[in-house]
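Residue numbers (my numbering), protein chains in the order written: chain A, 42 to 340; chain B, 71 to 320.
These are computed hints drawn from the structure, not numbers from a lab. Since this is a predicted model, take the numbers as computed values, not measurements. Be a bit skeptical, because a hint or two may be false.
[What the hints assert, rightly or not] Stretch-level coverage of chain B by chain A, calculated; a stretch enters the list once three of its residues show a Cβ under 8 Å from a Cβ in chain A:
hint	stretch
1	75-85
2	154-161
[Said to hold, decoys possible] The following label-pair restraints were derived from C-beta to C-beta distances:
hint	chain 1	residue 1	chain 2	residue 2	range
3	B	Phe304	A	Asp173	28 to 36 Å
4	A	Arg121	B	Gly285	20 to 28 Å
5	B	Lys88	A	Thr316	27 to 35 Å
Glycine included, every Cβ here is placed at the ideal spot set by N, Cα and C.
Residues per chain, in single letters:
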Amino acid sequence: MIAPMDSAAPAILVRDLVKSYGPVQAVRGIDFEVERGEVFGLLGPNGAGKTTTVEVLEGYRARTSGIVSVLGYDPGGRPRAMRERVGIVLQASGTYRHATVQELVTHWAGFYPAPRDVDEVIDLAGLRESADVRARRLSGGQARRLDFALALVGDPELIFLDEPTTGFDPAARRAAWETIRALADLGKTVLITTHYLDEAQALCDRVAIIKGGRILAIGAPSELGVDAATRYRVSWRDDDGSMVSRETDDPTALLHQLTSAALARGVGVKDLSVTRPSLEDVYLELTAEPTVPVEEGTR
Amino acid sequence: MSDSAAALTWRQYRLERKMFWRNPSAAFFNFLLPLLFLSLFGAIFSGNQSDLDVIVPGIAGMAVMSTTFTALAMNMVFLREQGVLKRLRGTPLPSGAYLGGLAANAVTNTVTQITIILIAGAAVFGVGMPEDWLQLVVFTAVGVVCFASLGVALAHVIPNFDSAPAYTNAIFLPMIFISGVFYDADHVPTFLRDIAEILPLTHLIDGLSAAMVTGASFSSELSDLLVVAAWGVFGIFFAIRGFSWEARRD
Numbered sequence: 042m043i044a045p046m047d048s049a050a051p052a053i054l055v056r057d058l059v060k061s062y063g064p065v066q067a068v069r070g071i072d073f074e075v076e077r078g079e080v081f082g083l084l085g086p087n088g089a090g091k092t093t094t095v096e097v098l099e100g101y102r103a104r105t106s107g108i109v110s111v112l113g114y115d116p117g118g119r120p121r122a123m124r125e126r127v128g129i130v131l132q133a134s135g136t137y138r139h140a141t142v143q144e145l146v147t148h149w150a151g152f153y154p155a156p157r158d159v160d161e162v163i164d165l166a167g168l169r170e171s172a173d174v175r176a177r178r179l180s181g182g183q184a185r186r187l188d189f190a191l192a193l194v195g196d197p198e199l200i201f202l203d204e205p206t207t208g209f210d211p212a213a214r215r216a217a218w219e220t221i222r223a224l225a226d227l228g229k230t231v232l233i234t235t236h237y238l239d240e241a242q243a244l245c246d247r248v249a250i251i252k253g254g255r256i257l258a259i260g261a262p263s264e265l266g267v268d269a270a271t272r273y274r275v276s277w278r279d280d281d282g283s284m285v286s287r288e289t290d291d292p293t294a295l296l297h298q299l300t301s302a303a304l305a306r307g308v309g310v311k312d313l314s315v316t317r318p319s320l321e322d323v324y325l326e327l328t329a330e331p332t333v334p335v336e337e338g339t340r
Numbered sequence: 071m072s073d074s075a076a077a078l079t080w081r082q083y084r085l086e087r088k089m090f091w092r093n094p095s096a097a098f099f100n101f102l103l104p105l106l107f108l109s110l111f112g113a114i115f116s117g118n119q120s121d122l123d124v125i126v127p128g129i130a131g132m133a134v135m136s137t138t139f140t141a142l143a144m145n146m147v148f149l150r151e152q153g154v155l156k157r158l159r160g161t162p163l164p165s166g167a168y169l170g171g172l173a174a175n176a177v178t179n180t181v182t183q184i185t186i187i188l189i190a191g192a193a194v195f196g197v198g199m200p201e202d203w204l205q206l207v208v209f210t211a212v213g214v215v216c217f218a219s220l221g222v223a224l225a226h227v228i229p230n231f232d233s234a235p236a237y238t239n240a241i242f243l244p245m246i247f248i249s250g251v252f253y254d255a256d257h258v259p260t261f262l263r264d265i266a267e268i269l270p271l272t273h274l275i276d277g278l279s280a281a282m283v284t285g286a287s288f289s290s291e292l293s294d295l296l297v298v299a300a301w302g303v304f305g306i307f308f309a310i311r312g313f314s315w316e317a318r319r320d
């Protein structure tokens, strides 16, 4: 074996990572560690540097500077031993359109030294009913499940998920979350990128909020106020004309209370709105704190 | 432990073959095209053996080019655009095993088409069996390496799959017309012949013609072989140098 892995060492270690495309710095010196068995989220808007960071870790991009270690390997050289122990779900990637799910998972299993059982993986990904369907006939959600299955069949220790549920309907998202939770239960380390607050909160042990190529904050979702930010805010105009707003995890009960009281009195609820703070609101809150270093000169 | 590189290449080749047959219209077209061309020109030149002696090795040369150059250029652009290359790159499958399987798939089509053309040439068009089998194999092999690498090199220049047929046909069609696929290259105007003399297909057809029809000695065709091989070196250099596993972002 090359580069034996110290089980106490973190699964991923990133120190002062910089990635430039020409004059543009996509990633501007970030640090984080992912412990083994942890589900770690990179949370940020589009263009924040999430995918660039993940693709440096996956070995697709060469870093400009900094130290990166994935399961004890330097991903820059794309060592095969690393690729045997890592599963990758890319943002978008195709496959053999005329092959069935069963054929593809079986073929992929042959790439790895100790693959999982093909049928078990198909079940885990929720593709049992589609096992004999050709890839080109799969729905968007099913194609994403196939991405999961192909990433899992090598029985990786570490799984990268780049925006795994973008464009999904709510039911498909829930199903994907169940699969990701099942991975965590198997003791896998998961690095997930997302721009959904609720996804980060539902899945991640820890989250790094990333924007403009910098990490603004790292911590458990509750520590970062991500969970508070996923609460609903219900606002309405009171009988005396003043705006009232209340935060709640479950707006249904509050709305029922409000509307039934109004109906009983034969009046409407004026200016009623139910909102959730956007990611931007959370960033504004985070960036308002003086803990973020002020940019000085050029790097 | 995982399979050896040779076993992985073989596995990849088998998958590629299976996928080839899964797309019956493409597979059918692939084998029908040389037969269609042979029968059309066979009808046109019917009874004129000297023209038939030109067309049969000409179409064999065209078959080498279409199964490798055109097919691989289109295929590589498609796989790159679809993200298949990028996905495979993230697995432990060695690049060589993957590309080897892909190339072997193309070469299988070349061999099949050449076989069809040889049989039809002997059975229907009075060309007879090849005069020199070794020369036929050597020219086909060098031609395959040359046009396969040129096809992969061209794939780097093609920006996206929508434009792939335009790029490949812009090279393939003029090349087959001036290189003597359908008539003796000596009957072409001088300036076109000069261009054709620089390009590899004319020399591949000369070599195939010597092997299949005229029986000209190997040594007299050596310069043809060298031109095809030189294009092969050029192709391999640019195929490797420009290789990209990912669709262009723009």
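Against the structure, the hints come out as follows:
| no. | hint | result |
| --- | --- | --- |
| 1 | 75-85 | holds (count 3) |
| 2 | 154-161 | holds (count 6) |
| 3 | B:Phe304 to A:Asp173: 28 to 36 Å | 46 Å, violated |
| 4 | A:Arg121 to B:Gly285: 20 to 28 Å | 50 Å, violated |
| 5 | B:Lys88 to A:Thr316: 27 to 35 Å | 53 Å, violated |
In this structure, the earlier hints numbered 3, 4 and 5 are contradicted, and the remaining ones agree with it.
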